[in-house]
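**Q** For what it's worth, my numbering labels the leading residue of the sequence shown as 16, then goes sequentially.
Honestly, the hints are just simulated from the structure, not real lab data.
We put the CB at the ideal spot given by N, CA and C, even for glycine.
A portion of the hints provided could be inaccurate.
[Claimed, not checked] List of simulated lysine to aspartate or glutamate pairs, EDC-like, C-alpha gap at most 20 Å: (1) Lys91 - Glu123; (2) Lys227 - Glu57; (3) Lys91 - Asp106; (4) Lys130 - Glu157; (5) Lys236 - Glu251; (6) Lys30 - Glu20; (7) Lys33 - Glu57; (8) Lys91 - Glu57; (9) Lys254 - Asp237; (10) Lys91 - Asp180; (11) Lys254 - Asp239; (12) Lys259 - Asp180; (13) Lys91 - Glu20; (14) Lys259 - Asp248; (15) Lys102 - Glu210; (16) Lys102 - Asp180; (17) Lys146 - Glu157; (18) Lys30 - Asp54; (19) Lys236 - Asp248; (20) Lys33 - Glu20.
[Unchecked claim] Here are the in silico distance ranges between beta carbons for each label pair: (21) Gln108 - Gly257: 26 to 32 Å; (22) Thr67 - Gly257: 45 to 51 Å; (23) Glu20 - Lys236: 21 to 27 Å; (24) Gly155 - Glu57: 39 to 45 Å; (25) Arg66 - Val149: 23 to 29 Å; (26) Asp176 - Asn222: 31 to 37 Å; (27) Asp106 - Arg172: 38 to 44 Å; (28) Asp106 - Glu48: 52 to 58 Å; (29) Lys30 - Asp246: 31 to 37 Å; (30) Gly257 - Arg178: 46 to 52 Å; (31) Phe45 - Asp176: 51 to 57 Å.
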Amino acid sequence: MYSTERVDLILNYLKLNKRASIPELTKVLFVSEATVRRDLNEMQALGLITRTHGGALYAEESQEISIFVRKTKSAKEKELTASVALKVLPDFQTVFIDDSSTCFALAERMNFSHKTVVTNGLRLVSYLAEKNDVRVILLGGELLQNGNAVSGALAFRNLRDLRMDLMLSSCAAISTQGTFEHSTEVMELKNIAFEQCSQRLMLVDSNKFNSKATYRTRPVKDYDLVITNADDDVTEPFKQSGVKIINE
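Whenever a hint applies, use it, and build me the whole structure from the sequences.
**A** Here is the structure:
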């Protein structure tokens, strides 16, 4: 089992149980106590958990998973979703792109020549800084903990002053009831971006359909298109409820 898979399992276990001992986690993961300790120490350094004597607590305040974890988790699924999205992108001159690793995987394949990109993602800004013919607008705001992105009141105000042709966004979780985020700040930022864009595309890899998050951003029907690599049996309930969703 890879370390990123163990991180995912540990987080899910802690979300359900709030705390766990090292012996408990060795039974869940089928690995040694030394391996569990190493994983917990690394997760604490990323702000994902709080270490205790002999175990760990779920860090309730750590709602946004570090980009360094997100960019390696489910990499194949994100690349597949980006491949699907690339085929159906509409024409645009200005685009808002969130800080998600799925949208970053798509952005790496897009041609931004003579276009304007608005984002709250520092990783995307760093990538686009190497391009000579792209106008990049980085929203102001507070750096999200463990998130390599900005949000907050200043970012909201900046975003309300802009109008964009296209929104490319992902989410923490999706169901037929809507798209969801782990924090109210991220929810609010994406709601504002939604209102300021003419077309809105939601990119979700297959793992997001099995995830849980607290704060609903929008009903799924509100998006012009949902793009995913999920199988037909996953997407069918969305299609039946009137959502425009494609997976190939």
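**Q** Each hint: holds or not?
**A** Against the structure, the hints come out as follows:
1. Lys91 - Glu123: holds, 15 Å
2. Lys227 - Glu57: violated, 23 Å
3. Lys91 - Asp106: violated, 26 Å
4. Lys130 - Glu157: With a Cα-Cα distance of about 26 Å, the restraint between lysine 130 and glutamate 157 is violated, given a limit of 20 Å.
5. Lys236 - Glu251: Measuring from Cα to Cα gives roughly 14 Å; hence the hint holds.
6. Lys30 - Glu20: holds, 15 Å
7. Lys33 - Glu57: holds, 18 Å
8. Lys91 - Glu57: Violated. Lysine 91 to glutamate 57 sits at ~23 Å, over the 20 Å cutoff.
9. Lys254 - Asp237: Holds, because 13 Å separates the two Cα atoms, which is no more than 20 Å.
10. Lys91 - Asp180: With Cα atoms ~29 Å apart, lysine 91 and aspartate 180 exceed 20 Å; violated.
11. Lys254 - Asp239: Between lysine 254 and aspartate 239 the Cα gap is close to 13 Å, so the pair holds against 20 Å.
12. Lys259 - Asp180: holds, 19 Å
13. Lys91 - Glu20: holds, 13 Å
14. Lys259 - Asp248: holds, 15 Å
15. Lys102 - Glu210: The given pair, whose Cα atoms are some 25 Å apart, is violated under the 20 Å limit.
16. Lys102 - Asp180: holds, 18 Å
17. Lys146 - Glu157: Roughly 25 Å separates the two Cα atoms, so the pair is violated.
18. Lys30 - Asp54: The hint holds at about 16 Å.
19. Lys236 - Asp248: holds, 18 Å
20. Lys33 - Glu20: Given that 20 Å is the threshold and the Cα spacing comes to 19 Å, the pair holds.
21. Gln108 - Gly257: 26 to 32 Å: Holds, since glutamine 108 and glycine 257 (Cβ atoms, about 30 Å apart) stay within the stated range.
22. Thr67 - Gly257: 45 to 51 Å: holds, 47 Å
23. Glu20 - Lys236: 21 to 27 Å: 34 Å Cβ-Cβ, so the 21 to 27 Å window is violated.
24. Gly155 - Glu57: 39 to 45 Å: At roughly 31 Å between Cβ atoms, glutamate 57 and glycine 155 fall outside 39 to 45 Å, so the hint is violated.
25. Arg66 - Val149: 23 to 29 Å: violated, 42 Å
26. Asp176 - Asn222: 31 to 37 Å: About 35 Å separates the Cβ atoms of aspartate 176 and asparagine 222, which means 31 to 37 Å holds.
27. Asp106 - Arg172: 38 to 44 Å: violated, 29 Å
28. Asp106 - Glu48: 52 to 58 Å: holds, 56 Å
29. Lys30 - Asp246: 31 to 37 Å: Check failed, 25 Å falls outside 31 to 37 Å.
30. Gly257 - Arg178: 46 to 52 Å: For glycine 257 and arginine 178 the Cβ distance comes to about 27 Å; the hint is violated.
31. Phe45 - Asp176: 51 to 57 Å: Given range 51 to 57 Å: holds, Cβ gap about 53 Å.
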